[in-house]
Amino acid sequence: MLAEKQLKAFVPTLNPVKAKAFYKDILGLKLLSEDGYALEFDAHGTPLRITTVKELKPQEFTILGWIVDDISSTVHTLNKQGIICEKYAFFPQDEFGIWTSPGGSKVAWFKDPDGNVLSVSER
1 MLAEKQLKAF VPTLNPVKAK AFYKDILGLK LLSEDGYALE FDAHGTPLRI
51 TTVKELKPQE FTILGWIVDD ISSTVHTLNK QGIICEKYAF FPQDEFGIWT
101 SPGGSKVAWF KDPDGNVLSV SER
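Here our numbering is used: the first residue of the sequence shown is 1, the next is one more, and so on.
A portion of the hints provided could be inaccurate.
[Claimed, not checked] Within a straight-line C-alpha distance of at most 30 Å, the following computed DSS-like cross-link-like pairs (lysine-lysine) qualify: (1) K30 to K54; (2) K8 to K57; (3) K5 to K106.
No lab work stands behind these hints: they were computed from the structure.
Take these sequences, add in the hints, and give me the full structure.
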């Protein structure tokens, strides 16, 4: 029923000003619209709505992720922007926070200003 329909993603924020700076200026997403309820970005053809909420308890798991061609380069670029990847005791990660899965995929996690866990991965 929805397999051929476009997906729209949602991320909560308590502070739309900080979220706007993060998603637009640091991650480089194009801002499509902004009102008192949300910011909407173009995430490579997927609408990403950053919704303003009154309360937020960030989850410990990834809520949004991107597939990248070169994870090392992407993580280094994030680091230059002041974004440091999370390090977890239960994953063997390199010094930059990149984990290589048993199948060879690589993943790194980082947080937005609200503490939402985001990721980049390379297949």
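Restraint status (C-alpha distance of K5 to K106 at most 30 Å): 29 Å, holds
Given the hinted pair K8 and K57, is their Cα-Cα distance within 30 Å? The given pair, whose Cα atoms are some 22 Å apart, holds under the 30 Å limit.
Can the restraint linking K30 and K54 be considered satisfied, given a maximum Cα separation of 30 Å? 25 Å, holds
Of the numbered hints listed earlier, not one is contradicted by the structure.
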